[in-house]
Amino acid sequence: MSELRGRLASWDSAIIGVTVLVLIGASIGVENFGNSSNFTFLILDLLPIALIALPMTMIVITGEIDLSVASTLGLTSAIMGDLWNRGLTIETIMPLCVLAGALLGAVNGFLINRLGLPSLAVTIGTLALYRGLALVVLGDAAVADFPWTYTGWVTGTIGGAVPNVLIILVVLAVIAGVVLHATPFGRSLFAIGANDQAARFSGINVTRTKFWLYVVSGAVAGLAGVLWTLRYSSARADNGAGLELAVVAAVLLGGVSIFGGKGSLWGVLSGVLLLAALQNALRLQDVSGQALNIVTGVLLIASVLLPNIITGTRNALQKRRLRAAVPAQSS
Amino acid sequence: MSVAVTEIHKQDQKPGRSLGYVFRQREMGIVLALVALVAYTAINQSRFLSSQSIRDILLNTAILAVLASGMAVVVITRHIDLSVGSVLGLSAFAVATVMQHNQDLPMVAALALGLGIGAVAGVVNGALVHFGNVPALVVTLGTMYAYRGLTYSWAGGQQVTADEVPRHFLRFANSDLLGVPWLVIIALAVIAGVGVMMRNYRIGRELYAMGSSPQAAGLAGIKIARNTLVAFVISGALAGLGGVLYASRFGTVDAASGNGYELQVVAAVVVGGVAVFGGSGTIWGAGLGALLLTVIGSALAVLDINQFWQQAIVGALIVLAIGADRLVAVRIARSLRKRDSHV
Chain A
1 MSELRGRLAS WDSAIIGVTV LVLIGASIGV ENFGNSSNFT FLILDLLPIA LIALPMTMIV
61 ITGEIDLSVA STLGLTSAIM GDLWNRGLTI ETIMPLCVLA GALLGAVNGF LINRLGLPSL
121 AVTIGTLALY RGLALVVLGD AAVADFPWTY TGWVTGTIGG AVPNVLIILV VLAVIAGVVL
181 HATPFGRSLF AIGANDQAAR FSGINVTRTK FWLYVVSGAV AGLAGVLWTL RYSSARADNG
241 AGLELAVVAA VLLGGVSIFG GKGSLWGVLS GVLLLAALQN ALRLQDVSGQ ALNIVTGVLL
301 IASVLLPNII TGTRNALQKR RLRAAVPAQS S
Chain B
332 MSVAVTEIHK QDQKPGRSLG YVFRQREMGI VLALVALVAY TAINQSRFLS SQSIRDILLN
392 TAILAVLASG MAVVVITRHI DLSVGSVLGL SAFAVATVMQ HNQDLPMVAA LALGLGIGAV
452 AGVVNGALVH FGNVPALVVT LGTMYAYRGL TYSWAGGQQV TADEVPRHFL RFANSDLLGV
512 PWLVIIALAV IAGVGVMMRN YRIGRELYAM GSSPQAAGLA GIKIARNTLV AFVISGALAG
572 LGGVLYASRF GTVDAASGNG YELQVVAAVV VGGVAVFGGS GTIWGAGLGA LLLTVIGSAL
632 AVLDINQFWQ QAIVGALIVL AIGADRLVAV RIARSLRKRD SHV
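Chains as they are written, first to last, in my numbering: chain A, 1 to 331; chain B, 332 to 674.
Hints should not be assumed to be uniformly reliable.
Some residues of chain B that are not near chain A, with every Cβ distance over 10 Å (derived) [to be verified]:
1. 371
2. 466
3. 479
4. 560
Only part of the chain A face toward chain B is listed, based on derived beta-carbon distances under 10 Å [unchecked claim]:
5. 16
6. 18
7. 113
8. 117
9. 125
10. 130
11. 140
12. 143
13. 156
14. 259
15. 284
16. 298
17. 313
18. 314
19. 317
It is worth saying that the hints were derived from the structure and are not from the lab.
Note that the structure is predicted; figures quoted are calculated from it, not measured.
Quick reminder that beta carbons are idealized off the backbone N, C-alpha and C, glycines included.
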């Protein structure tokens, strides 16, 4: 067990190390990477990914997955545009959107936990369903005339460098970190991921726990939808399409095991930062946005493949060492 | 779908019949849903059954059915291949570009090229899944973006248009053999070929066994490594073939061709009665699923219902179909238990 923890710690610290190296390297090697306005853009770009990654970390730790998050973001964005067109005040719309996200998450949670359907298949279904509903709500129109007080605040900064929205991210990240790593609830998530039957027998209400994780995941995706809409001052049905890849990639890159039971929030946050920094630096080097997906895709696979290879070689070496040791003892 | 469930429900009282019968019932459900939908639409709008309309529906089904056959093989093995839309795009762009520069190349060469590109993409997926021990979801989600990114970095913003590719290449998808479009013949041949392979040949039965229980299959001496590769190569190659058909049908191809197509394919397979838990379902069921999805799309257009509903319906159908599978599985388990307790 301690060996396992050591290996985990090393993957976490390796990712943090790589992230720091990439940040330093890009600041020196890539023009404009280090200046303050680029830093603002970097944070604004990674904000939705980081926000959604918080509950996604917990879901993956319990051994499940939620691929519908980007579509939830798109649907809440479409709802936001529609309600704004209907003349509701923005102060009413924003909490309603977060609530709508929570409801969409509850639908996932119900299908997965009450009916016992596999989360992968269900959330592929709701990925299509929610995006489709977003199209039904808003069609291919865009709503753009949101009040400047809010759009300005989302893109604004404190002292010219630190974006206002970073406050939201830090507050939610601290809450998520404390819940995951310092409460019995957080420990129960690891227990469920390691062995959900054992968790059930030790008195954890697995069904209810997972259900609420999906509700939170939906609500946070709804919040990300609101912030996305305000940032670009544009409510569109296709907002955030494909974002689920970046979130899953960041979570796995951050050392969370896709098989459940292992992972840490700081690993995931550095995974998010690493991905965003790489993309940002490459974009500054004029690599096209779509081609950047190669990087994300390859990193996603590598983040699961590399630990497997490392464990595999370590086990093989150990076996060979043991085999070599046995005849030496018997002679 | 509800039809399938009630059929199964009736089955429940007669637990003596074979399991195969139950799954045949599942496809009967799709056929009934299809008949009901066509009848309803035709009554409201008679031109829905005109020969041109039927031809369009069959042409639109063909490519989806080819990809769904490959996906069904992978899903039966208890994996998934989300990269098929990107493989289709890569193959379509590659074939269109090659044909653009070599106007005299025969159609066979184009088909071989598409199949080859798809097969290579499939080998990469399969090798990462089996030898890398990475879940298929992660691998194919990654390669879905990687293959798409590859196409984008190759194509950039440019596209190949219909007047740049050779005439015979375009004629292929739009010409008939005895009144049946070539595209439809190819799709039927693929369904029949893969279907027979899965139903009657050793490799097919082994893939079902792997999907039912990977561990038991391994203990029974089934070559898991080779079979996993075969499953992903079939899916990849058929997606590559789909790319050639796509390029031939539409003529104009850019880097975004087939973007998001994987959802339709997964929906066709799952709606067609291939269980996401692996180990059950048929290829012709997946083909029926593809037909049902296409008919829904056309029916919406003919009935003048907002086109934007289509994707939402696809999503709802996926969720419904998974739910129906679950119900079937629970009922079968219960009836088996009942039967065993009698013995």
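Hint-by-hint comparison with the structure:
1. 371: At about 21 Å from chain A, residue 371 of chain B clears the 10 Å cut-off, so the statement holds.
2. 466: Residue 466 of chain B not clear of chain A: closest Cβ-Cβ about 6 Å, inside 10 Å.
3. 479: Since the minimum Cβ distance to chain A is about 6 Å, residue 479 of chain B lies within 10 Å and the statement is violated.
4. 560: Given that every Cβ of chain A is farther than 10 Å from that of residue 560 of chain B, nearest at about 17 Å, it holds.
5. 16: violated, 22 Å
6. 18: violated, 18 Å
7. 113: Violated - the Cβ of residue 113 of chain A stays beyond 10 Å from chain B, reaching only about 13 Å at its closest.
8. 117: Since the shortest Cβ distance to chain B is 5 Å, the answer is holds.
9. 125: Since chain B brings a Cβ to about 3 Å from residue 125 of chain A, closer than 10 Å, the hint holds.
10. 130: It holds, given that the least Cβ distance between residue 130 of chain A and chain B is near 7 Å, below 10 Å.
11. 140: At 8 Å from the nearest chain B Cβ, residue 140 of chain A passes the 10 Å test, so the hint holds.
12. 143: With a closest approach of 16 Å, the residue 143 of chain A hint is violated.
13. 156: violated, 32 Å
14. 259: At 8 Å from the nearest chain B Cβ, residue 259 of chain A passes the 10 Å test, so the hint holds.
15. 284: Because about 17 Å separates residue 284 of chain A from the closest Cβ in chain B, which is outside the 10 Å limit, the hint is violated.
16. 298: At 6 Å from the nearest chain B Cβ, residue 298 of chain A passes the 10 Å test, so the hint holds.
17. 313: violated, 13 Å
18. 314: Violated: closest Cβ of chain B sits about 14 Å from residue 314 of chain A, beyond 10 Å.
19. 317: violated, 17 Å
Of the numbered hints listed earlier, those contradicted by the structure are 2, 3, 5, 6, 7, 12, 13, 15, 17, 18, 19.
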